[in-house]
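Trainee: Residues per chain are reported as follows:
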Amino acid sequence: MLKYLAKRLAMMVPLLIGITFISFVVMHLAPGSPVDLATTLNPKVSEIAMERLTKIYGLDKPVYEQYWNWLQRLAVLDFGRSFAPDGRPVLDKIAERLPITITINLLSLMLVLVVAVPIGVYSATHQGSVFDQATTVFVFVGFATPTFWLALLCMTLFGVHLGWLPISGIKSLDHAQMSWLGQLGDYARHLFLPVVVSAIGGLAGMSRYMRANMLEAVRQDYITTARAKGLSEVAVIYRHAMRNAMMPVITILGLSLPALIGGSVIFESIFAINGVGKLFYDAVMARDYPLVMGGLVLGAVLTLVGNLLADVSYGLADPRVRAS
Amino acid sequence: MSVQPGMFGDFQDRLRTNRLAMAGAVVVLVLVAVALLAPLVAPDDPNRIDVDAILLPPGPDHLFGTDELGRDVLSRMIYGARVSLEVGIVSAGIATLVGVLLGALAGYYGGWVEALIMRFVDIMLCFPTFFLILAVIAMLEPNILNIMAVIGLTSWMGVARLVRAEFLSLKERDYVTAARSLGAGDLRIIFRHILPNAMAPVLVAATLGVAGAILTESGLSFLGLGVQPPLASWGNILSQGKANIEIAWWLSLFPGLAILVTVLAYNLLGEGIRDALDPRLR
Amino acid sequence: MFLAAVWLVAGPVSAATAADTGGGIIIGTIGDATSMIPMITSDSASHEMSGYCYNGLLKYDRDLKLVGDLAQSWEVSPDGLTITFHLRRGVVFHDGKPYTSADALFNYRFMVNPKTPTAYSGDYLQVAKAEAPDPYTFRVTYKEPYAPGLASWTLPQMPAHLLRGVDVRKSPLNRHPIGTGPYRFKSWRPGAQVVLTYFDRYFRGRPYLDQVIYRVIPDMATLFLELRSGGVDWMGLTALQYRRQTNTPFFKRHYRKYRYPSSSYTYLGYNLRDPRFQDKRVRQALSYAIDKKEIIKGVLLGLGQVATGPYKPGTEWYNPKVRRYPYDPARARELLKAAGWSDHDGDGWLDKEGRRFEFVLMTNQGNQARTNTAVIIQHRLAKIGVKVDIRVIEWSAFVTEFINKGRFEAIVLGWTIPPDPDLFDVWHSSNIGPGKLNMTAYRNPELDRLLERARRTFDPARRKAYLDRVQVIMAEDQPYTFLYVPDALPVVHARFKGIVPAPAGISYDFIRWWVPKALQRHSLTR
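Chains A, B and C, in that order, give the protein sequences. Residues 217 to 540 (the working numbering) are what the first sequence spells out, left to right. Residues 10 to 291 (the working numbering) are what the second sequence spells out, left to right. Residues 14 to 539 (the working numbering) are what the third sequence spells out, left to right.
With the rest of the complex left out, here is chain A:
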């Protein structure tokens, strides 16, 4: 196992270099530079000013030199400073926006698990029933719904017309004046819509997946054996079938790790949430190279780590895999 881990970790390095190199080149090949937003089409900006800005950002050096400089600093975990006029460290800017994105994604994931797993199991054990067919249609519809559209509709209905839920942000203006419990409730009310809407798509996928796995598990020989042994149906389903069906879910959780830090820019601008999605979208538009690279590296690392965790935990859970 340790050997396997070591091998996988060693593999990560060339992968990371490949990712960062491709991203860097793509960003620099595309037209436009960080100096543009600050300077162009502004009568008060002079040529000298533009030259100065270019020098300050180090943009006059060739691409490979810029990449090498960046990589060297990355090796000591220095992600550099953002090219935006505030010049703050990249890590600071990302760290500032991460908590809310992670919170929403985590809550969403939990919601998905709590709802999707029982639905999947029940659908599988009652295959073909009205419940199964109805939930099939329901989750398919959920899967096919563009989330931003659903967000808009929910916001109009619950926020504007019914006034039950707040329409933007993560806390009210007088949040600081509330009691501890009040603050919690305030967060809950603000986060309700974003979490539920972003869970809908995942719900569909996860419950289908759970259903398929359960169906597969139930057909296995050991289930027939268990039934032949005279075990109650409950024991058969919940002790034996489900445990085996759950394992791929663990894999999914591992693979969901990078998604935890992924924010959707569309979503965030609809709900006026300050997440990483909008941060990176603006960074791309402004050609804020250090910030975009920082985000890509973070995402890539998390993906690789997530894959590793998923594989390792699968190996731990399933002795058959371990032996191979």
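If you are wondering where the hints come from, they were derived from the structure by calculation, not from laboratory data. Model, not experiment: these values are computed from the prediction.
Calculated pairs, DSSO-like style, for lysine-lysine (alpha carbon to alpha carbon, straight line, at most 27 Å): (1) C:418 x A:271; (2) C:110 x C:199; (3) C:128 x A:271; (4) A:387 x C:199; (5) C:310 x C:270.
Stretch by stretch, here's where chain B covers chain C in the computed footprint (C-beta under 8 Å, at least three residues): (6) 309–319; (7) 377–386.
Over 12 Å on every C-beta distance to chain C, these chain A residues come out as not near it, computed from the model: (8) 220; (9) 240; (10) 436; (11) 443; (12) 518; (13) 524.
Positions of the beta carbon are idealized from the N, C-alpha and C atoms, including for glycine.
Start from chain A and add chains B and C according to the hints.
Mentor: Showing chains B and C alone in chain A's frame:
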């Protein structure tokens, strides 16, 4: 699992009895027909501007209302079907093509070829897909060709893995050994013998891929990075809906519903094909 | 009746002295600031949110005339080369330290320092010498008389004692500004809000409102919803919101909307390097073929006016006596025919020497009004047989690939109309070139001379004479088809008093806005 003789008839039977999948197929066919016959079906010129008729609600003259420039929304949605379907099908086509090619090569040759290709797949999978597409489109230029190419070139990874897995199991089959001993070259074996038998899961992936591409395109159009004006796309009608959320509910409702129904149809069809191909069900 | 009589006698002065202090205002804004040091940023949000923390040497009054701010008075030498500012006494920064000419000198040096990452050094580089002979006198000498230079002294004055010798990008003033302005900075939650509280030692007297809170809501529709639910007190409406969503009795009772021409205009620019657009008749024809009133109706819902040149109608620099181009497709066809363009092959499109009249119209992504304008232009030009293809391109790419390299045929863009009427940077032929602002490559020797002369004289009458002639030439030549000047449409909650619309807008006298005690909200919590 791969196709064996006699299965096609079974496949068709199973698919036909799956009512949901059939519903999906019918919807897809209707949509394709509407898209192809747009000039005949649309009640009005989708680009006819009428500044006296801005943002009118649905009524006898305009069944789905009008948009920010007084253009008929129903007509725009019919022509928008063209864009959505075109982007969906071509993108999924590109993704399938690239994925099949790379997956076949990886699965058949193994060794360093496989290692290289699968590492490339891993790298591509590390990128947050929508963000990558958005960045590239923003930097190149939003137009229908770029969009199709970029979506296609960022969604082939799943197909590649599938095809490689199929090839790994299929290349040990008797008929392959037989073909090889008869002197057939590698390429011939790949394309004439193994590939046809590996296509089943690819078909499913391609169908589902169309749905995904349509969703992505509508997201891009929604952000203003979709097809160029004055082309109508369901996503860009929706973005007008967002801007006018309180006064023009029809701009939000109808295109959203259209996307929903189309994606749903493709998903149901794809799932139906998957169920029909799985000999272990029922 | 009696009350009205009392008011007439007492006049508005007593209304002002009866103002209550206290309460707060929430201003809604789409973009977040990037830094609180405005001169190293170029986004309007940064300038706006830090605005009330600073003063310049000069400022604009309600009629957009330059008046003294930190400078009590100033004089321009007879040869036009030297400006001497006499600074106010007794002004202090938010940290209590006094403001002197040493600060003014520092701020000038800051702007011309090559290490300062600012985009606005241009005006200050024209200065040959800057001196601070005594703590309350600041003098600048230019290489040549430079009329627009005066306006550059609205430069926000930052504290020398906190920035001297410090790398400006690392300074805490980026996140926590210190200035002399009516409001001092309290807090900034990035992406969410900025809070300012009143400065009790402000040299004009304490502002009436206790606090100013900027709330960042990146979406116009959401912002409007917040306005209605009381989460925001002041925002700028879109044309649609103004026309269709703000007419209910509820709205009229609780909010006041305002409407006045904004300081910007939108235009269709032709690349004059393109041989097709070099013929003046073609440009004039296209101007006749485009129905600007239709665009104003369609894009602005009528909330704007036709632009005839680069100045705002109703201001002192605007010349109404220029050639106009009302919608006249017949005249357009005539002119095009005279220039050699007609439908020789009967396909519905105009052509000349076998080539169809077809061009690409570009604009930047992210601005729906411009996109819609382009679509309407395309529609109208099709009616006279000119084919237009629209390309919407992301801003950074648009600028580097197409504008800066001159690789475009026609563009729809806009300019802000600054209070100072100097047009040199955009219209002089020396500004044709990569990265420069004369993007259409317009070259007119008479115009050049007039612009040079207008720059070098401080006498308003002579300046006006030159610039009037400039407008006449531009209207005749049509290097742009000037399209429209949109209206600014701010809306403020009705509880705020003291708002008087003027050419400068409504916020020129913001420190005198007040709320009656009973209606105050968002007061400072003790």
